[in-house]
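Asks: So the sequence shown is residues 1 to 126, counted in my numbering.
Since the hints were made in silico from the structure, they are not lab data.
Keep in mind that a hint or two might mislead.
[Stated by the list, open to error] For lysine-lysine, the following BS3-like pairs were computed, each having C-alpha atoms within a straight-line distance of at most 27 Å:
| # | residue 1 | residue 2 |
| --- | --- | --- |
| 1 | K104 | K87 |
| 2 | K65 | K82 |
| 3 | K82 | K100 |
| 4 | K82 | K72 |
As the structure is a computational prediction, the values presented were derived from the model and not from experiment.
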Amino acid sequence: MTISVLLYMFYTILSTFSPAFGWVQVIIGNITFQSWIYYICDHGQDLVTTWEQLQEGVYSMEWYKWNMENIKIYRTFSLNMKAEPLKLSAVLEINFELFKEIVKMFYSFGNILYSTQHRGGSIKIA
1 MTISVLLYMF YTILSTFSPA FGWVQVIIGN ITFQSWIYYI CDHGQDLVTT WEQLQEGVYS
61 MEWYKWNMEN IKIYRTFSLN MKAEPLKLSA VLEINFELFK EIVKMFYSFG NILYSTQHRG
121 GSIKIA
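All chains, full assembly: derive it from the sequences and hints.
Replies: See the structure below:
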């Protein structure tokens, strides 16, 4: 997270003092945004991975050697275990798949802007 903050500060300095560094601003802004998104998606993926390890540990216990009261608690616990990942909305889960889709979207958008600029056309973003 610290690297993205430093990149953002560098981006701000370039945008304040030098209008000639437009391409550098775009690259640094893109890297900064993607590093923030990666940081968030990494934590969402860590939550899912840790939950799966907990489920695996619970399911591999030798519950049949326990007394009846502990078996009832184990059954209740194992039946109610559902992995609930972090969600951005009702549909989007925060994990590495979301990060991959965001990177693809940025790459596609950058290619469109690059190809339009080099064909002599112009895109004006208002």
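Asks: Run every hint past the structure and note whether it holds.
Replies: Against the structure, the hints come out as follows:
no. : hint       : result
1   : K104 x K87 : 20 Å, holds
2   : K65 x K82  : 25 Å, holds
3   : K82 x K100 : 25 Å, holds
4   : K82 x K72  : 18 Å, holds
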